[in-house]
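So the chains spell out like this:
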Amino acid sequence: MLATLQPGASYHIETFDTPRYGKLFGRRIRPETLDAASLDGVKVLLVPCRTNPLRLSRHWPVMRDFLCGGGTLVAMGETFQNEWIPGVSFHPEETNYWWWLEKGADLGVETVARDHPLLAGIGKADVTWHLHGWYDLPPHARTLVADRDGKALMYEDVRSFGGRLIVTSLDPCYHHGSHFMPATTRFLDRFLPNLAELARAD
Amino acid sequence: MSHHAPIFVLSHYGGLPAAFEPFVRDGHLEGVWEWDLTKERIAAARGIVLTIHLDQLRATEWRDELGMMLARGGRILINGHVEQAFIAGVGRFAAGGRGREHLRLSKLGEHPVFDGVDRLAFETRRGVAGFYGRGHNAMPDGAQALTGVGPDMAPLDWVWRRTDGGTVLSHAGNDLWTSCDETDVVDRLAANIVRWLGHKTER
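Protein sequence lines, in the order shown, are assigned to chains L and D. Here the first sequence is numbered in the numbering used here, starting from 9 and rising by one per residue. Here the second sequence is numbered in the numbering used here, starting from 431 and rising by one per residue.
Keep in mind that a hint or two might mislead.
[Claimed, not checked] Facing chain D, a subset of chain L residues (Cβ under 7 Å, in silico):
#, residue
1, Pro39
2, Ser46
3, Gly49
4, Asn90
5, Trp106
6, Trp107
7, His187
8, Met189
9, Ala191
[To be verified] Covered by chain D, according to a simulated footprint, are these stretches of chain L (three or more residues, beta-carbon under 8 Å):
#, stretch
10, 9–19
11, 70–82
[What the hints assert, rightly or not] Listing some non-contacts, in silico: residues in chain L with all C-beta distances to chain D over 10 Å:
#, residue
12, Leu47
13, Glu91
14, Leu109
15, Pro125
16, Ala149
17, Phe188
18, Glu205
19, Ala209
Hints are computed from structural coordinates only; laboratory data are not their basis. Just so it is clear, CB atoms sit at the ideal spot from N, CA and C, and this is done for glycine as well.
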């Protein structure tokens with residue numbers, strides 16, 4: 009089963025509680041009620057962008073056990089994973105909302121692991137909106153999406169906790185759910201079904 | 431009515447926006463983390479500002495207290511898209527069209543929160559439209575439109591001076607103080623908001 013935390017901001021409600029993506033999720037879990045029982049039968053757990061880390065830190069042991077048990081945890085951008093996932097090293101950067109105004113501009117974001125099932129059908133244009141920061145890649149982790157310098161904007165770590173940890177600084181739910189930036193909707197149109205497929209296959 | 435300072439409900443990580451910090455230092459505003467906010471504090475508050483990042487599912491649990499606060503003459507500024515009925519009478523967000531003409535702003539009414547601020551200048555930031563707002567929260571009966579968006583001038587901003595007490599000001603976009611890059615304008619907006627929430631200006 010694919011489950012998501014439901015932090016309750018307008019953009020989370022618009023993303024997870026409307027027909028476009030709602031049917032993909034078998035369970036929506038309020039961060040405050042996250043426990044082992046709420047994850048029973050869950051294979052993939054999404055922590056959507058802009059979930060305040062103050063609401064996540066004390067639930068890390070539950071998520072760590074979920075990972076240790078072979079689960080997949082996907083932690084999206086602006087959740088400041090370095091505040092609640094041990095070992096994550098995040099480098100925030102000033103967001104430039106205007107980069108595309110220059111003719112021929114290229115933000116430089118690339119899907120570097122095109123064979124990865126989570127990125128199936130997702131191209132460069134679908135991961136390009138703006139940047140919030142990059143990560144130091146943990147040993148044995150794999151970069152899935154990178155900036156122009158090859159720094160990780162999304163990575164997969166299958167060694168640190170067991171299970172599969174996906175960490176990304178991309179924040180698509182916020183923009184999609186705010187009716188802004190069509191690239192974020194294109195990204196979610198692929199990424200969320202890919203997550204659901206992974207939950208079925210795992 | 432409580433003598434507590436108006437409450438800025440903190441929902442996003444990172445705390446209070448810088449423009450509001452001086453008012454907290456001076457005791458004219460208090461930032462409260464949304465999970466520390468009690469129903470008693472809400473019911474007794476003089477003014478409350480909510481951001482686009484509000485946990486609206488939690489806010490629905492405050493519905494009675496928000497109603498009590500308004501009935502006692504309180505003032506609420508809503509930023510963002512209303513997706514849950516946490517204030518009786520305020521309906522859900524409706525998105526407008528995506529074309530450039532659907533992002534055109536119109537000034538429809540005056541309000542102290544916009545004193546000395548040129549709202550129409552918020553239509554674009556560095557030539558890009560859409561930051562200020564792209565739709566409207568359903569306007570209650572008896573409310574007054576302040577700023578329209580799009581060819582139909584949908585009420586992106588409105589004020590609802592309730593006949594049974596209290597006032598709700600709705601801005602259905604990104605948080606008002608993020609609407610522009612000019613620090614002096616942002617500071618002016620923040621000051622206007624704090625004065626309004628503190629009942630220093632007209633409803």
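Here's how the hints hold up against the structure:
1. The criterion of a C-beta within 7 Å of any C-beta in chain D is not met by L/Pro39, whose closest approach is roughly 9 Å, and the hint is violated.
2. Checking L/Ser46 against chain D: minimum C-beta separation of about 16 Å lies over 7 Å; hint violated.
3. At its closest, the beta carbon of L/Gly49 sits 23 Å from a beta carbon of chain D; the interface hint therefore is violated under the 7 Å criterion.
4. Hint status for L/Asn90: violated, given a least beta-carbon distance of 12 Å to chain D, over 7 Å.
5. Contact between L/Trp106 and chain D, as hinted, is supported at the beta carbon level, the nearest pair being about 5 Å apart and thus within 7 Å.
6. At its closest, the beta carbon of L/Trp107 sits 11 Å from a beta carbon of chain D; the interface hint therefore is violated under the 7 Å criterion.
7. Interface restraint check: L/His187 against chain D, minimum CB-CB distance 5 Å, threshold 7 Å, status holds.
8. Hint status for L/Met189 relative to chain D: violated, with the closest Cβ pair at about 9 Å, above 7 Å.
9. Taking 7 Å as the C-beta cut-off, the interface hint given for L/Ala191 is violated, the closest approach to chain D being about 13 Å.
10. For a cut-off of 8 Å, the count of residues in the stretch 9–19 of chain L with a CB near a CB of chain D stands at 6, and the three-residue condition holds.
11. Under a criterion of three residues with beta carbons nearer than 8 Å to beta carbons of chain D, the stated coverage of the stretch 70–82 of chain L fails, only 0 such residues being counted.
12. The non-interface label for L/Leu47 is consistent with chain D: the shortest C-beta to C-beta separation is roughly 20 Å, beyond 10 Å.
13. At roughly 8 Å, the least C-beta separation between L/Glu91 and chain D is not larger than 10 Å, which violates its mark as non-interface.
14. Under the 10 Å C-beta cut-off, the non-interface status given to L/Leu109 relative to chain D is violated; the minimum distance is some 7 Å.
15. Distance check for L/Pro125 against chain D: the nearest CB is about 30 Å away, which clears 10 Å, and the non-interface claim stands.
16. Every beta carbon of chain D lies more than 10 Å from that of L/Ala149, the smallest distance being close to 24 Å; the non-interface claim holds.
17. Listed as a non-interface residue, L/Phe188 fails to keep its Cβ farther than 10 Å from every Cβ of chain D; the least gap is roughly 7 Å.
18. Its beta-carbon lying about 28 Å from the closest one in chain D, L/Glu205 satisfies the requirement of being farther than 10 Å from that chain.
19. With a minimum CB-CB distance of about 31 Å to chain D, L/Ala209 clears the 10 Å threshold, and the non-interface call stands.
Of the numbered hints listed earlier, those contradicted by the structure are 1, 2, 3, 4, 6, 8, 9, 11, 13, 14, 17.
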